[in-house]
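All chains should be modelled from the sequences, with the hints used to inform the complete structure.
Here the protein sequences come in this chain order: A and B.
Going by the working numbering, the first residue of the first sequence is number 1, and it counts up by one from there.
Going by the working numbering, the first residue of the second sequence is number 306, and it counts up by one from there.
Because the hints were derived from the structure by calculation, they are not lab data.
Everything hinted at is true.
Reference excerpt, derived from the structure (chain A facing chain B, CB under 7 Å, subset only):
{"hint": "1", "residue": "L168"}
{"hint": "2", "residue": "E182"}
{"hint": "3", "residue": "G188"}
If you're wondering where the values come from, they're calculated on a predicted model, not measured in any experiment.
Backbone N, C-alpha and C fix where the C-beta goes; we use that ideal spot for every residue, glycine too.
Single-letter residue listing:
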Amino acid sequence: MTLASLAPAAVPAVSWGDVFDFRDYGALLELVHNSLYAGALLGLVGGLVGVLVMARDLPFAVHGTSELSFAGGAAALLLGVDVVLGSLVGSVLAAVLFGVLGNRAREHNSAVGVLMPFGLGLGVLFLALYEGRAANKFGLLTGQIVAVDDPQLVSLAVISAVVLLALLVLWRPLLFASLDPELAAARGVPVRLLSPLFMLVLGLSVAMSVQVVGALLVLALLVTPAAAALRVSSSPYVVPLLSVLFAVVAVVGGTLLALGSTVPISPYVTTVSFLLYLACRLVARLRRPAARPGERPRPRAVEAV
Amino acid sequence: MRGAEAAAAPALRLRGAELAYGGRRLWSGLDLDVAPGEFVAVLGANGAGKSSLLKVVLGQQPLRAGTVEVAGRPARRGDRRIGYVPQQKGLDPATPLRARDFVRLGLDGHRWGPLLPSRRADRRVDEVLAAVGATAYAREPVGRLSGGEQQRLRVAQSVVGDPVLLLADEPLLSLDLHHAGVVAALVDQCRRRTGAAVLFVTHDVNPVLPYADRVLYLAGGRFRIGPPDEVMTSQTLSSLYGAPVEVLRSGGRVLVAGAAAAGEHPHAHEEVS
Chain A
1 MTLASLAPAA
11 VPAVSWGDVF
21 DFRDYGALLE
31 LVHNSLYAGA
41 LLGLVGGLVG
51 VLVMARDLPF
61 AVHGTSELSF
71 AGGAAALLLG
81 VDVVLGSLVG
91 SVLAAVLFGV
101 LGNRAREHNS
111 AVGVLMPFGL
121 GLGVLFLALY
131 EGRAANKFGL
141 LTGQIVAVDD
151 PQLVSLAVIS
161 AVVLLALLVL
171 WRPLLFASLD
181 PELAAARGVP
191 VRLLSPLFML
201 VLGLSVAMSV
211 QVVGALLVLA
221 LLVTPAAAAL
231 RVSSSPYVVP
241 LLSVLFAVVA
251 VVGGTLLALG
261 STVPISPYVT
271 TVSFLLYLAC
281 RLVARLRRPA
291 ARPGERPRPR
301 AVEAV
Chain B
306 MRGAEAAAAP
316 ALRLRGAELA
326 YGGRRLWSGL
336 DLDVAPGEFV
346 AVLGANGAGK
356 SSLLKVVLGQ
366 QPLRAGTVEV
376 AGRPARRGDR
386 RIGYVPQQKG
396 LDPATPLRAR
406 DFVRLGLDGH
416 RWGPLLPSRR
426 ADRRVDEVLA
436 AVGATAYARE
446 PVGRLSGGEQ
456 QRLRVAQSVV
466 GDPVLLLADE
476 PLLSLDLHHA
486 GVVAALVDQC
496 RRRTGAAVLF
506 VTHDVNPVLP
516 YADRVLYLAG
526 GRFRIGPPDE
536 VMTSQTLSSL
546 YGAPVEVLRS
556 GGRVLVAGAA
566 AAGEHPHAHE
576 EVS
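Now the structure itself:
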C-alpha cells in the first residue's frame with residue numbers, strides 16, 4: 001500500500017493530511033469499502049448495458065459519449081461545481097443527441113465522429129484553463145476514485161437504480177428492436193421511442209463509468225465484458241449473467257490489485273477486463289471443434305422441403 | 306382459428322383504398338378481399354407502392370381515402386394477429402440469441418420486461434421450429450447461421466404467434482434461386498397448416514407461382530387482380546402499363562419483357578437472356 005496509489009483520488013474538499021494518513025488505517029479501510037461497493041454497482045450496470053451496446057452495434061457511440069462526458073466533467077472542474085454532475089450532463093446530452101440523430105449505429109456513426117473530437121477539444125480547453133491540482137485533470141481521463149466518499153456512493157447508487165429499473169422494463173423490446181427495427185415496429189414495438197430512451201440509459205451508465213475508469217477507458221466496462229461473454233455463449237439468459245460477472249470481476253478485482261501498487265486503478269481494471277476477453281476467445285476456440293461432433297457439415301445447405 | 310368474428314370476415318379487406326404521398330398518387334380505388342388461407346402475390350415496379358400497401362395493412366401508413374380492415378377490425382399499429390416476414394438481412398454474429406430465442410421474439414418480443422425462460426413459449430417455439438425444419442440448429446447462435454437458415458427462422462418467427470394474416474415483404478431478396486424456392490414453399494406450407502392468409506410482396510413471380518391463388522399487379526397508379534394465368538399475360542400487362550409488354554413462358558417460368566416494363570421494372574428480368 002502506497003500513498004501514490006491513492007493520490008489521484010482526493011476529493012477537493014478534504015485535505016491530504018486527513019485522508020491519506022496511513023496511521024489512520026480505519027479511515028483507509030472505509031475508503032476502500034466504498035470503492036468496492038461502487039465497483040460492484042458499476043460492474044452490474046456496465047455488464048448489462050454492454051449486452052445491448054453490442055446487440056445495437058454501438059461501441060463507437062459509447063466512446064463518443066464518454067468523451068463528451070469528459071468535457072462536461074472538465075467544465076465542472078473549471079467552474080468549481082460538482083464533477084459528477086458535470087460529466088453526467090455531458091454524457092446525457094451526448095447520448096440524447098446521438099439517439100435523436102439515428103436509430104442504428106451506422107446512421108449516427110458520422111455524427112459521433114463529428115461530435116467526439118469537438119467534445120474532447122472542449123475538455124482539453126477547460127483543463128488548460130483550470131488552475132487546480134493536476135491529479136484532478138488526469139483523473140477525468142484515466143480514472144480516479146479509489147476514494148469514493150459517501151455522497152458520491154449515494155449518487156452512484158441512485159443512478160444505478162434508475163438504469164437498472166429502465167433496463168428491466170425495456171430489455172425485451174430493446175433486444176427485439178436491435179435485431180430488426182422494421183420487424184419490431186411491425187409487431188408493435190415503439191422503436192422510435194426506444195432508441196433515445198436507450199441512449200439516455202447509456203449516457204447515465206457512461207457518466208458512472210467515467211468516474212472510475214476515466215473517459216478514455218469506459219469501453220473496458222461497457223463493451224469488453226459483453227464482448228467476452230458473447231464469445232462463449234449466445235443464450236439470452238447466460239450472456240447478461242456472464243457479462244455482469246466479468247465486469248464486476250474487472251472493477252472489483254482491478255481495485256483490489258491497484259491498492260497494492262503505485263499506479264492508478266484504470267490499468268488494472270482494463271487489464272483484467274482484457275484478460276477475461278482473451279480467456280473467452282481461447283475457450284471458444286477450444287470448444288468449437290469438440291462442441292459439434294458429427295453435426296451438420298459446413299457449409300450448411302438448406303434442404304428443399 | 307380465431308372465433309366467429311375472424312372466421313366470418315375476410316383476413317384482409319380494402320375498400321376504395323387510395324394511397325398518396327404528397328401530390329403523388331400511388332394507387333387508388335383498390336378493392337381487395339383476401340380470404341382466410343388465400344395466397345396473394347403482390348407484384349409491380351419499384352415505387353409502385355407494394356411495400357406501402359403492407360405499411361397500410363400494418364397501420365403504419367394512413368390511406369388518403371377508403372378503408373382497410375384486418376379480420377374484421379380496422380388496421381392498427383401493433384396488431385398481434387398479423388405475422389410479418391421481412392427481407393433477409395444478415396444478423397450480427399454478436400447477437401445474444403440462439404435460433405430458438407430469435408423465433409420466440411415473434412411470440413412475445415413486443416412485451417415490456419426482461420426476457421426470461423418460459424416453458425409455454427418453449428413448447429410453441431419447438432412446434433414451429435419442427436414445422437419449418439429448423440430443429441437441428443435450434444440452439445445455434447442465430448448470427449452465425451446462413452442467410453437461408455435465418456430466413457427460414459424468420460418464417461417461423463412470423464407464424465409462431467398464430468396470425469390470421471401473414472405479410473411478406475420481399476422475403477426472397479438476396480437469397481439464391483434454390484433458397485428462394487424453399488422459403489416460398491415454407492410460407493405456403495404454413496398458411497395451409499394454420500389457415501392464415503398471405504400477402505406476399507415480391508419482384509419475381511416465379512418462386513411463388515406454384516402457390517399464388519391470385520396476383521395483385523401494381524403499375525403506374527393502376528392495378529390488376531386475378532389468378533396468375535389471367536394477370537400475367539401480354540394483353541393484361543400491356544393495358545396496365547399502357548405500352549407493349551410481352552409475357553413469355555418458358556420451362557414453367559414467367560418472363561416479363563418490354564420497353565415500358567423494362568424501363569420501369571428492371572429487376573424482374575434477369576432471367577431473360
